[in-house]
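Read in order, the letters of the sequence shown correspond to residues 1 to 165 in full-length UniProt numbering.
Hints listed in this document are in silico derivations from the structure and should not be mistaken for laboratory results.
Errors might be hidden in some of the hints.
Stated by the list, open to error - Below, computed lysine-lysine pairings styled on BS3-like, alpha-carbon distance capped at 30 Å:
hint	residue 1	residue 2
1	K45	K108
2	K5	K133
3	K55	K34
4	K67	K99
5	K73	K96
6	K96	K67
7	K127	K55
8	K73	K99
9	K98	K133
10	K45	K34
11	K99	K45
12	K73	K98
13	K55	K98
14	K5	K34
15	K67	K45
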Amino acid sequence: MIQLKYLSAYSPGLQAQVQQLIAEDRLGAHLQTKYPVSNTVQTDKALYRYVCELKQEHLRNAPAIDKVAFDSKLDVVHHALGLHTAISRVQGGKLKAKKEIRVASLFKTAPAEFLHMIVVHELAHLKEHDHNKGFYQLCEHMLPNYHQLEFDLRLYLTWREGAAR
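Model the full structure from these sequences, guided by the hints.
Next comes the structure, spelled out in structure tokens:
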């Protein structure tokens, strides 16, 4: 029996279904059927454009984003698939805050929907800093099937980890 660390908060019944898919070696095929389109955003420049388009569509009044990049140092081991930061610097007599979003490099090869979900998650942090009810409502507003995609991303990470063994 495989430890389902990405799904530990879900019900035992749901975990049993996932265990069965893994045992029958059908989890990868299930995900491939559900998410057949690979991600086309491969460079930091393309990722920046992608994030800015989503921000413009959903969060016009949020602070500007200064930098967006794929980060090979972010990974599931450190429980970070995306990261948002605000770096403050003194320039002259003023304090300037630079907003950055970093996305784990594994999303270069992940299905497009999973990249979309992570970007929405990080953009929501521009308005809501904590993972509270308002945060998840904002995520659902920007991406109506957010919770299903989050679950499926957890399935993808489980499958990816199993395939690496």
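Do the hints match the structure? See the list:
Simply put, K45 and K108 have alpha-carbon atoms about 13 Å apart, close enough for the 30 Å limit, and the pair holds. Proposed proximity of K5 and K133 is supported: the alpha carbons are some 24 Å apart, at most 30 Å. Note on K55 and K34: the hinted pairing holds, with a Cα-Cα distance of about 26 Å set against a maximum of 30 Å. Of the pairs offered as hints, the one joining K67 and K99 holds, with about 7 Å between alpha carbons and a cut-off of 30 Å not exceeded.
For the hint linking K73 to K96, the alpha-carbon distance of about 26 Å falls within 30 Å, and the restraint holds. Annotation: proposed proximity of K96 to K67 holds, straight-line Cα distance about 14 Å (limit 30 Å). Between the alpha carbons of K127 and K55 the distance comes to roughly 11 Å, so the proposed pair stays at or under 30 Å and holds. The straight-line distance between the Cα atoms of K73 and K99 is roughly 19 Å, inside the 30 Å bound, and the hint therefore holds.
As the CA atoms of K98 and K133 are separated by approximately 26 Å, the hinted pair is consistent with the 30 Å bound. Annotation: proposed proximity of K45 to K34 holds, straight-line Cα distance about 28 Å (limit 30 Å). Restraint check for K99 and K45: satisfied, since their Cα atoms lie roughly 16 Å apart, inside the 30 Å limit. Of the supplied pair hints, the one linking K73 and K98 holds, its CA atoms being roughly 20 Å apart against a limit of 30 Å.
As the CA atoms of K55 and K98 are separated by approximately 16 Å, the hinted pair is consistent with the 30 Å bound. With a CA separation close to 22 Å, the supplied pair K5 and K34 stays within the 30 Å bound. Pair hint K67 plus K45 holds up; C-alpha atoms about 9 Å apart against a cutoff of 30 Å.
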